[in-house]
Amino acid sequence: MAKLSCFAGRLRGGLGSGLPGAPCPYRAWRGSASAAPVASASAEKERLKRPEELPGLGLLRSLYWVLARGYLLHTHRLQIISKKLYGPIWKSTFGSYNNVNIGSPEVLEQLLRQEGKYPIRSDMALWKEHRDKRNLPYGPFTEDGERWHRLRQVLNKRMLKPSEAVLYADVINEVVTDLMVHLQNERRKSPSGVMIQDVAQILYRFALEGISYILFETRIGCLKEEIPAETQHFIDAIGSTLKSSVFVTILPKWTRDMLPYWNRYLQGWDTIFAFGKKLIDQKMVELEKSLDRGEKVSGYLTYLLSTGQLSHKEVYGSIAELLLAGIDTTSNTLSWAMYHLSQDLKTQEDLYQEIINVVPKDRIPDAEDLSRMPLLKAIIKETLRLYPVVPTNARIIAEKDVVVGGYKFPKDTLFVLAHYALSHDETYFPDPEHFLPQRWLRDQRESAPHPFSSIPFGYGVRACVGRRIAELEMHLALARLIRTFSVRPDPNCKVVKPLARIVLVPDKPINLKFLDRQRVL
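For the sequence shown, my numbering begins at 1162 and goes up steadily by one.
Certain hints may be false.
Claimed, not checked - Below, a list of computed lysine to any residue pairs in the SDA-like style, where the Cα atoms sit at most 20 angstroms apart: (1) Lys1439 to Pro1413; (2) Lys1444 to His1473; (3) Lys1457 to Lys1538; (4) Lys1457 to Gly1469; (5) Lys1538 to Glu1515; (6) Lys1522 to Met1534; (7) Lys1542 to Asp1677; (8) Lys1572 to Tyr1279; (9) Lys1522 to Asp1677; (10) Lys1245 to Pro1593.
Said to hold, decoys possible - DEER-style ranges, computed between Cβ atoms: (11) Gln1314 to Glu1607: 38 to 48 angstroms; (12) Leu1228 to Lys1414: 15 to 25 angstroms; (13) Glu1214 to Lys1385: 56 to 66 angstroms; (14) Val1564 to Lys1658: 30 to 40 angstroms; (15) Asp1511 to Lys1385: 26 to 36 angstroms; (16) Lys1385 to Gln1470: 33 to 43 angstroms; (17) Met1419 to Gln1514: 53 to 63 angstroms; (18) Val1446 to Lys1385: 21 to 31 angstroms; (19) Glu1214 to Ala1609: 48 to 58 angstroms; (20) Ser1351 to Thr1416: 38 to 48 angstroms.
In case anyone wonders, no lab produced these hints; they're calculated from the structure. Heads up, the beta-carbon is just placed ideally off N, CA and C, and yes, glycines get one too.
Kindly produce the complete structure, drawing on both the sequences and the hints.
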């Protein structure tokens, strides 16, 4: 630690100026004084209802829908069914979790306005169990309370503000350029010379390369023709961790020695941490050499190492969690956007015209150009509305009892934010199942949607720390893709629908034709 502090002090001097087991709410409700009917502030007001009065799904009913009715990978659609059956707020049981589901933007706003200084996303029990088993530090998703608040204060800098995110535009554009080369190479491999199979997988590699370049300040080769073996092992580990998470969440602990999912889950996280630690350690050596030469240094990892506010272990934990959270937003959203634009040629052409009217053909779009591309931003917003990357999120308000939707809940109640049901509510989004980016354009809508009807990046102090960078990645990549290619659907491809595997993913490969528009960057 002393060596790290000494190094952090040197680093500060050389910096350049360029830069999810929750406490059981039902257990708390039974026999609790707070569960009794509570008198309202005004005698004229209707009494607040008790949590036990919530309609919804008990354990057996939940298992029936998830297993017997086949909704294990379609829990996002179960949100819509439950909301129609039970209204804007309902109970459900998933594994060991007893949930209060919020499916109304008005009720959601009531909840989030009460979250306080230290809101808890959820207990993230599985993530914490891995960290505890391996004696590893918690990161921004697993830490809570004052320790979380201190961690977020450090992590927010150089990332959360739009003015700070644009500092990474050149880094992102470098990776976008490699993506364009990779797509050209993939096209040439197809018999037609224009078809690209499984676009989502390529965009996943793009997103991983981009976030790794920002977090580690190092290229890891995801877009190379031959991915380095260590990087491929890392990619496989991320996929294995996410897939295993679904099963270890719902299966009881006694199955862990009988089924392979728990060990796969642990091994996946082990690989992620080991990969990150190696790159961070390499960066430390490079930075020391740069300082010895009197060079100025900058970048996100450099910033984290230089502040002296985080220990070396805390940097390992934070980077690992930020990395896992920073891939799917970009890759899945771009995949769904391309899928819909291939079928909506008018919107695609309108977007193309917007891009070429803003950016001359002799240069690459940059962050400043994006402010003059409202349709581009609307397309990303609409894609995130249709496919919120994480269809459910959670909040635990640990500091006080909470009143929402006419009910009073004790502190430590687990609230599930049903993002998919919220963003598919026809009250706020007419024709909610259709891709209509124009609904986000001010001059083409009658009224703005409720501000809490679609919040894919969360809200408040627990909002996604990487939101601005993810948006920058998506906007810059989509602008280049549509300026270079006219995208068409695979004539043999059927309708693609989302599956819920922690995040929403396509149920089959998205295959697209990439036709040349003209010779541009």
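Hints, verified against the model:
no. : hint                                   : result
1   : Lys1439 to Pro1413                     : violated (34 angstroms)
2   : Lys1444 to His1473                     : holds (12 angstroms)
3   : Lys1457 to Lys1538                     : violated (35 angstroms)
4   : Lys1457 to Gly1469                     : holds (18 angstroms)
5   : Lys1538 to Glu1515                     : holds (11 angstroms)
6   : Lys1522 to Met1534                     : holds (16 angstroms)
7   : Lys1542 to Asp1677                     : violated (26 angstroms)
8   : Lys1572 to Tyr1279                     : holds (13 angstroms)
9   : Lys1522 to Asp1677                     : holds (14 angstroms)
10  : Lys1245 to Pro1593                     : holds (15 angstroms)
11  : Gln1314 to Glu1607: 38 to 48 angstroms : holds (41 angstroms)
12  : Leu1228 to Lys1414: 15 to 25 angstroms : holds (19 angstroms)
13  : Glu1214 to Lys1385: 56 to 66 angstroms : holds (58 angstroms)
14  : Val1564 to Lys1658: 30 to 40 angstroms : holds (38 angstroms)
15  : Asp1511 to Lys1385: 26 to 36 angstroms : holds (35 angstroms)
16  : Lys1385 to Gln1470: 33 to 43 angstroms : holds (35 angstroms)
17  : Met1419 to Gln1514: 53 to 63 angstroms : holds (58 angstroms)
18  : Val1446 to Lys1385: 21 to 31 angstroms : holds (23 angstroms)
19  : Glu1214 to Ala1609: 48 to 58 angstroms : violated (34 angstroms)
20  : Ser1351 to Thr1416: 38 to 48 angstroms : holds (43 angstroms)
The structure is inconsistent with the numbered hints 1, 3, 7 and 19, although it conforms to all the rest.
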